[in-house]
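There are 2 protein chains.
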Amino acid sequence: MTSQIPETTQAAPTPGNGTAAPARLALRRVLIDTYHENVAYMHRDCDVYRAEGFKALSKVEVRANGTSILATLNVVDDQSIVACGELGLAKAAFAQMGVEDGHTVTVAQAEPPESIGALHRKLGGERLNLDDFKAIVQDIAEHHYSKIELTAFVVATNRDELDREEVYFLTEAMIGVGRHLNWHESLVVDKHCIGGIPGNRTSMLIVPIVAAHGMLCPKTSSRAITSPAGTADTMEVLANVQLPIDQLEDIVRAHRGCLAWGGTANLSPADDVLISVERPLSLDSPGQMVASILSKKISAGSSHLVLDIPIGPTAKVRSMPEAQRLRRLFEYVARRMKLSLDVVITDGRQPIGSGIGPVLEARDVMRVLENDPRAPIDLRQKALRLAGRLIECDPDVRGGDGFAIARDILDSGRALTKMNDIIRAQGSKGFDHNQPGLGALTFDIPAPRAGMVTGIDNIQLARIASLAGAPKVKQAGVDLFHKLGDEVQAGAPLYRVHASFGADLEFARQACKKSIGYAIGNVADMPHAFVEF
Amino acid sequence: MTSQIPETTQAAPTPGNGTAAPARLALRRVLIDTYHENVAYMHRDCDVYRAEGFKALSKVEVRANGTSILATLNVVDDQSIVACGELGLAKAAFAQMGVEDGHTVTVAQAEPPESIGALHRKLGGERLNLDDFKAIVQDIAEHHYSKIELTAFVVATNRDELDREEVYFLTEAMIGVGRHLNWHESLVVDKHCIGGIPGNRTSMLIVPIVAAHGMLCPKTSSRAITSPAGTADTMEVLANVQLPIDQLEDIVRAHRGCLAWGGTANLSPADDVLISVERPLSLDSPGQMVASILSKKISAGSSHLVLDIPIGPTAKVRSMPEAQRLRRLFEYVARRMKLSLDVVITDGRQPIGSGIGPVLEARDVMRVLENDPRAPIDLRQKALRLAGRLIECDPDVRGGDGFAIARDILDSGRALTKMNDIIRAQGSKGFDHNQPGLGALTFDIPAPRAGMVTGIDNIQLARIASLAGAPKVKQAGVDLFHKLGDEVQAGAPLYRVHASFGADLEFARQACKKSIGYAIGNVADMPHAFVEF
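Listed in order, the protein sequences are those of chains P and R. In this text, residue positions in the first sequence follow my numbering: the first is 1, and each later residue adds one. In this text, residue positions in the second sequence follow my numbering: the first is 1, and each later residue adds one.
Read the hints as simulated data drawn from the structure, not as lab findings. Relax, there's no trap hidden among the hints.
Intra- or inter-copy, both count: the list cannot distinguish identical chains.
Derived DMTMM-like pairs: lysine to aspartate or glutamate, alpha-carbon spacing no greater than 25 Å straight-line:
(1) LYS514 with GLU487
(2) LYS472 with ASP47
(3) LYS91 with ASP78
(4) LYS134 with GLU61
(5) LYS513 with GLU487
(6) LYS338 with GLU392
(7) LYS483 with ASP457
(8) LYS147 with ASP272
(9) LYS483 with ASP372
(10) LYS147 with GLU111
(11) LYS472 with ASP77
(12) LYS91 with ASP45
(13) LYS134 with GLU114
(14) LYS147 with GLU37
(15) LYS147 with ASP160
(16) LYS429 with ASP250
(17) LYS514 with ASP525
(18) LYS514 with GLU61
(19) LYS338 with ASP160
(20) LYS147 with GLU161
(21) LYS472 with GLU61
(22) LYS483 with GLU370
Looking at chain P on its own, in the form it has when it is part of the complex (with noise of 0.2 Å):
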């Protein structure tokens, strides 16, 4: 099939000409939040709405002062919300004009935006070029695409619609719109991992390490999208994450580290803006989820990444060959935008840890940097690991001397005083982790039967946590007693909920009922890991 002209291209008004010029209205701020869908609100008996034959949810442009937004119209019949002669803005759209309340406003129907024809191709089953996807992502970052539209382009480059070409493309049009990062240093190192693994908050161990080696490592985190805690969230809970991006290159530089949310950094705008609809529908694909990591990585002034794709049968990668797809993938990407980056395939078999949920973490994360005999120590391995090999990023160290290296800043101390050092520049919160302070509403889930634990279900413990309160509420959260191949005893407790309202602990006692995500049964049904650690 060919496609046809779409009814907005037929619509949109051609300036140029005495009748066809914009429309003039007093901004009026209306106080309904539409979250970051821009809404405009016209009266149906407004002269200017009969005229230009607006319809409703019709794509309007609103202009004053050179600033200029697009708004999707609401009609309204109700002189007290708008009144004829007023063009109501909803909040977030109010905000973005930059005017006041009565400031003349022009309004006219938007042209669609330019790039709809690359879009077509693309949803045709083409290939785009560099400057398609330049063209898109700038529309997307500037908030020209409407619902419909961005989810037509994250469902037609899923899965394998984009070749490996095509996804750098897409990486070097993400860094394009973005705020750069320039350190001045030639090695800048960061760690990622893809996701999906409950309390795999190692970030928070490799950061304060490699700085303590003398590495820069400016890491920016997200907060929680679908999981029960971001590292942003549950450094929240030891210090101050929103920080202006002056202040958090004061940080770096004095430091050598820090441990922000990314959000206010804008290193990636078109992939905020993707997140919106891709969350919902829980879409993930191979090519968004590299041009969505590398985008950020490269604008935040990364010269060397060590990556962690963690495997396992409830993780996001499930098996060997598809991991090694994705690295491939990665590694192709990475090259082309001349990253220096290090895959590690981890153990994704079970949450890292013991606690699931910001506060919860929050305390595994300062055991570990205080030796404290109660810390997990696969949380403890898995960050020495990582952060030796990014430590052997350093020309002065020896391949294979990474981890005595990390293991000797953790075990001395330098990891908690640099740890320490980052949270009081961040702004502390006091956070005592012998004292975490968590939901004080309970209950605990008992062994069926009497075995080993044999299956831990990452997505079942993150929906669990998620009811009871995580990350919305820091000190809700799940705490594991038991991980794979330990033996129980029936009825043994295998972990604690905490929430601190009645209605997320029941919540989450529904979700336990329907799966407590734990398998018990003997050795031989434990899944293997072949992976590196």
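With chain P's structure known, arrange chain R on it following the hints.
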């Protein structure tokens, strides 16, 4: 990659205990028109909003008196729009609830639609079965899908993503959720065109011809979606087309035919919802086209269908192999549905008839019916050939005799008499084709040089007519003075644009400046038509 559990699943409340019971609020009608999208408004300080952890743009379920609807939540900070303790609903959503202002409603976070799992499998590239399609189509018809989910379904079933068995499943599922008409006769005929050719109003000639022959032909049509006129828009110039279903049945019984708008008949409600995202993306994939057309025809009770597939350089289908692939897909699904289907591949190189736009097309149709010497010959010939094919579905008619029978019915005036009966039955508008009342603002487009008309761009002519105001302004459109093969002098008028408003005329003029849509050359430049007629 493996899909993670979507956030909506994690956040969904599990009823069955006191704390998680849905909250009660007083319903308030908010006079905002959000078109087909259900929007609910809740005050930020409302206890329910705070306790339930709702978020702006999350989906909520509103219930009262056994009715329940899903709506997208907007959070409000203005007590004059909604106060604490109230739940506001935009106009369309309020109407669906069917209760008074102030009625108590309960509100809870919406469960994700049951078919979301099947949608995720399709996004992952899997083949779906009949039950999957039934679940998805039911959720779509009941407005359970968000715009994001609708778009994901449409894009994931685009191009060759559906095999022919899946297209049959989708068709069957679409029929399952709509109304079925039963005419209690074994022979119920219909005619359909896949669209894309301006002025192609053969249905308005075929229906009176075959009804005059005595065949039952209950024709329901759509309004224009992106084109300058649909059959319903053009018929509306002559008669009322929005008929209650029982009146439509009475008319068909009395006159053997009708020409009504299909919207009130609710024959394929899921298709009506899908169009809301297919239209802005200009998506019209073979699978979706076949399911959309055949589901409506079968729900309308048709036993025999003649399907018109035009081919041409600016038609929807641009090559014979493409047309043949589409024909086979239509035939496969029709056979599974026990619909007798006759596909006719026709000449789609240029518009049919002289007029483009509702009044201009109605004028052409009436001139053919009245055997007026100004009647466009191509419209007459095409209608007679298609009517002839339908008449040959009559078991008493010999193969090859249909055309002559149709011509006799038209030439004798019996088709005109039948059309006038139908017009009177539906409610005549008293249209006179000798005084059509065309848009008074006009300009002519002259031939840029002398030569033969060797190309007429369907898409550009449709766009010019749309910009001139059609179909909203019924008197607006384009009147063609020359067709393919005509010899013209330099400066001779090729066509006239009619509009009723100055701004519309300007939009059309700007479009003509970009391209007049006509090619002038010599006989060697004429595209060949390898079609039946």
